[in-house]
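For the record, the sequence lines run as chains A and B. Last residue of the first sequence: number 68 in the working numbering, and the count goes up by one each step with no gaps. Last residue of the second sequence: number 573 in the working numbering, and the count goes up by one each step with no gaps.
Hints may contain errors.
Claimed, not checked - Among chain B residues calculated to face chain A with C-beta under 7 Å, some are: (1) ALA77; (2) CYS79; (3) TYR80; (4) VAL84; (5) PRO130; (6) ASN131; (7) ARG172; (8) ALA177; (9) ALA184; (10) ASN185; (11) LEU186; (12) SER188; (13) SER190; (14) ASN209; (15) ALA315; (16) ASP316.
Stated by the list, open to error - Each pair of labels, with its calculated beta carbon distance range: (17) B:GLY318 - A:LEU49: 36 to 46 Å; (18) A:GLN7 - B:ASP436: 49 to 59 Å; (19) A:GLY41 - B:ARG514: 53 to 63 Å; (20) A:GLY41 - B:HIS437: 45 to 55 Å; (21) B:ALA300 - A:LEU49: 21 to 31 Å; (22) B:ARG179 - A:ALA22: 42 to 52 Å; (23) A:ALA30 - B:PRO317: 54 to 64 Å; (24) A:GLN7 - B:TYR80: 54 to 64 Å; (25) B:ARG362 - A:LEU49: 48 to 58 Å; (26) B:GLU220 - A:ALA30: 31 to 41 Å; (27) A:GLY41 - B:ARG100: 31 to 41 Å.
The hints are simulated quantities; they were obtained by calculation from the structure and are not laboratory data. No experiment lies behind these values; they were computed from the predicted model shown. Ideal Cβ positions, reconstructed from N, Cα and C, are used throughout, including at glycine.
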Amino acid sequence: MQPTVLQDPPRVINLGLASFAADLRAQGVAVVDVDWRPPAGGNPRLAALLAQLEDEPETPQTTEGSRK
Amino acid sequence: MKLYTEVLASCYQDSVILMRISGQVRQHPGVREVALFMGTPANQALLQQAGLATDAARGAGPNDLIVTVQAEGDEQAVAAVAAIREMLQATRKAVESAAEFRPRTLDSALRQLPDANLVSISLPGAYVRAEAMSALRRNLNLFIFSDNVPLEDEIALKQEAIARGLFCMGPDQGTAYLGGVGIGFANLVGRGRIGCVSASGTGLQTVACRLDALGEGISHGIGVGGRDLSQAVGGAMTLFALDALAADPGTEAIVLVSKPPHPSVLARIEAKLDALRKPAIVCCIGTPSRVTGRTVWVETLAQAADAAAALLAGRPLVPGVLSDAGAVRAVVAPAGGAAADRAILGLYTGGTLAYEAGHLLRSACGADHPHRILDLGDDEYTVGRPHPMIDPAVRTDKILEAARDPRVGVLLVDLVLGQGAHENPAEPLADAVRQAREIASRQGRRLACVASIVGTARDPQDLAAQRATLQAAGIGVLATNPDAVRCAAMLVRPTLRRQWLTEEA
Numbered sequence: 001m002q003p004t005v006l007q008d009p010p011r012v013i014n015l016g017l018a019s020f021a022a023d024l025r026a027q028g029v030a031v032v033d034v035d036w037r038p039p040a041g042g043n044p045r046l047a048a049l050l051a052q053l054e055d056e057p058e059t060p061q062t063t064e065g066s067r068k
Numbered sequence: 069m070k071l072y073t074e075v076l077a078s079c080y081q082d083s084v085i086l087m088r089i090s091g092q093v094r095q096h097p098g099v100r101e102v103a104l105f106m107g108t109p110a111n112q113a114l115l116q117q118a119g120l121a122t123d124a125a126r127g128a129g130p131n132d133l134i135v136t137v138q139a140e141g142d143e144q145a146v147a148a149v150a151a152i153r154e155m156l157q158a159t160r161k162a163v164e165s166a167a168e169f170r171p172r173t174l175d176s177a178l179r180q181l182p183d184a185n186l187v188s189i190s191l192p193g194a195y196v197r198a199e200a201m202s203a204l205r206r207n208l209n210l211f212i213f214s215d216n217v218p219l220e221d222e223i224a225l226k227q228e229a230i231a232r233g234l235f236c237m238g239p240d241q242g243t244a245y246l247g248g249v250g251i252g253f254a255n256l257v258g259r260g261r262i263g264c265v266s267a268s269g270t271g272l273q274t275v276a277c278r279l280d281a282l283g284e285g286i287s288h289g290i291g292v293g294g295r296d297l298s299q300a301v302g303g304a305m306t307l308f309a310l311d312a313l314a315a316d317p318g319t320e321a322i323v324l325v326s327k328p329p330h331p332s333v334l335a336r337i338e339a340k341l342d343a344l345r346k347p348a349i350v351c352c353i354g355t356p357s358r359v360t361g362r363t364v365w366v367e368t369l370a371q372a373a374d375a376a377a378a379l380l381a382g383r384p385l386v387p388g389v390l391s392d393a394g395a396v397r398a399v400v401a402p403a404g405g406a407a408a409d410r411a412i413l414g415l416y417t418g419g420t421l422a423y424e425a426g427h428l429l430r431s432a433c434g435a436d437h438p439h440r441i442l443d444l445g446d447d448e449y450t451v452g453r454p455h456p457m458i459d460p461a462v463r464t465d466k467i468l469e470a471a472r473d474p475r476v477g478v479l480l481v482d483l484v485l486g487q488g489a490h491e492n493p494a495e496p497l498a499d500a501v502r503q504a505r506e507i508a509s510r511q512g513r514r515l516a517c518v519a520s521i522v523g524t525a526r527d528p529q530d531l532a533a534q535r536a537t538l539q540a541a542g543i544g545v546l547a548t549n550p551d552a553v554r555c556a557a558m559l560v561r562p563t564l565r566r567q568w569l570t571e572e573a
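Let's have the full structure, built from the sequences with the hints guiding it.
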């Protein structure tokens, strides 16, 4: 399977350093910068449990190609 | 000196913002040290090691900001903490006034950008796996800048990515390029026909800039992270990226850059390269030059770019010892024998450039030479402090220290430009070298300095302006890192001049 990202322009979700989002925007890239906080108020065990419960994609996506 | 700690609850900030604020407040009068950390377990351990852990700090959680200030007295400490609070507030206001809705989760971000195809992650390492796995399950490619990601997490993420036909670039990957767009610490380069796979951020930056200088460009630069070619990860993403670039119609030749891989991984890569339908140039720094089938193996990053450009131009690569012998001669000739038999001190911000310098010095001077190459981006120098590409303070301190060391005759440095890097790194470097020379000359010594720059004319810092600033401070600026290393070697070992400069004449 080949990553289609080599053919499409990058469209980025940024988790972390805000400066990375700004640098991408300056290059004309579509970016959404997530206001990320440690999950479960910073409790790692609770966060791991939550991750298991919540980690289902909202919209079913079978292949990257369908994400056009 | 007293140590003050304050914990600001529910005050999450990213590490670049925190480093910037601590760097500024460290300059305040009477303030010796400032450390701003989120109270993650990893940071708690760092504070403990640094002897900065107090009861208040120990009680902080990952969402709480630990402010520690070492100051001469109460007054200075209170002023420093007040300044920190003010700067945090200003940062928050700036974000709020940008009037941009910032989603709190990956799914809400996807509602805002439903055709996203890449997630860039630069979170503390312990949080990476959960977020990255969520991204892969939503068929999104990954660029992971974070370090301190457990090895088993990296293996699991790469397996999942490959099964889904997605890139997992990193963890611990500083730079990538997709379709001409630079991600992370990246120079602004022209788009071209050469695809890169790199286990190193500065390695990729160096190749991309050299190609830009040669009038070529990269199609994509797939960063795979420094551990990809280890035995445990097995080159998984490197092999996947080689296949992807081989199938990419915009890529005509492939450059692979890394430190020497584990032997078992090297064998797999050789087999993959043999089967590729495109020519490849490989630089596993330190492995000897050779040609196998359609693959050309070269010794240095600059040679990798030179070989790729020559290949696409249909001309043979003529490997010389020096890229620009005239520029090297112009630095070496006026120096005479002032630095003969003294030591070289390499003060690098780019880890792979430091590694390359170490390899070239061993080749030139033998294994037991007196020279030292420091990678100032290494954890040893950056605990609680910004990376020297962002904040030059660590290198400035080392340069001034070297000025007082009678053994050191030559300073050897890199200067990395591009997005993410310091806005004007040449100026503090030039100032530090000027000061160091004054200190050395008061003790009756001369101190030479040679540099190479990783940058392009399009970079925000402007390559020509940065070069001019260094040259005005009497720093010899060479075309490539190998030229700078060999120039330094010729300054301390005049016999090498006869060998290398005559050969090039």
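Evaluation of the provided hints:
1. ALA77: This interface hint is violated because 10 Å lies over the 7 Å limit.
2. CYS79: 10 Å, violated
3. TYR80: This hint holds: TYR80 of chain B lies near chain A, its Cβ roughly 5 Å from the closest one there, short of 7 Å.
4. VAL84: 5 Å, holds
5. PRO130: Holds, about 3 Å.
6. ASN131: Result: holds, 4 Å to nearest chain A Cβ.
7. ARG172: 5 Å, holds
8. ALA177: 4 Å, holds
9. ALA184: 5 Å, holds
10. ASN185: 5 Å, holds
11. LEU186: 5 Å, holds
12. SER188: The hint holds - SER188 of chain B has a Cβ within 7 Å of chain A, the shortest such distance being about 5 Å.
13. SER190: Hint on SER190 of chain B: holds, closest Cβ of chain A at ~3 Å, below 7 Å.
14. ASN209: Holds - the Cβ of ASN209 of chain B comes within 7 Å of chain A, reaching about 5 Å at its closest.
15. ALA315: This hint holds: ALA315 of chain B lies near chain A, its Cβ roughly 5 Å from the closest one there, short of 7 Å.
16. ASP316: Since chain A brings a Cβ to about 5 Å from ASP316 of chain B, closer than 7 Å, the hint holds.
17. B:GLY318 - A:LEU49: 36 to 46 Å: With Cβ atoms ~44 Å apart, the hint holds.
18. A:GLN7 - B:ASP436: 49 to 59 Å: Since GLN7 of chain A and ASP436 of chain B have Cβ atoms about 52 Å apart, the given range 49 to 59 Å holds.
19. A:GLY41 - B:ARG514: 53 to 63 Å: 59 Å, holds
20. A:GLY41 - B:HIS437: 45 to 55 Å: The hinted range 45 to 55 Å holds for GLY41 of chain A and HIS437 of chain B, with Cβ atoms some 54 Å apart.
21. B:ALA300 - A:LEU49: 21 to 31 Å: Once the Cβ atoms are compared, 28 Å apart, the range 21 to 31 Å for LEU49 of chain A and ALA300 of chain B holds.
22. B:ARG179 - A:ALA22: 42 to 52 Å: Violated, since ARG179 of chain B and ALA22 of chain A (Cβ atoms, about 22 Å apart) do not stay within the stated range.
23. A:ALA30 - B:PRO317: 54 to 64 Å: 24 Å, violated
24. A:GLN7 - B:TYR80: 54 to 64 Å: 36 Å, violated
25. B:ARG362 - A:LEU49: 48 to 58 Å: Holds, since ARG362 of chain B and LEU49 of chain A (Cβ atoms, about 51 Å apart) stay within the stated range.
26. B:GLU220 - A:ALA30: 31 to 41 Å: 33 Å, holds
27. A:GLY41 - B:ARG100: 31 to 41 Å: Distance hint for GLY41 of chain A, ARG100 of chain B holds at roughly 33 Å.
Going down the numbered hints, you'll see the structure goes against 1, 2, 22, 23 and 24, while the others check out.
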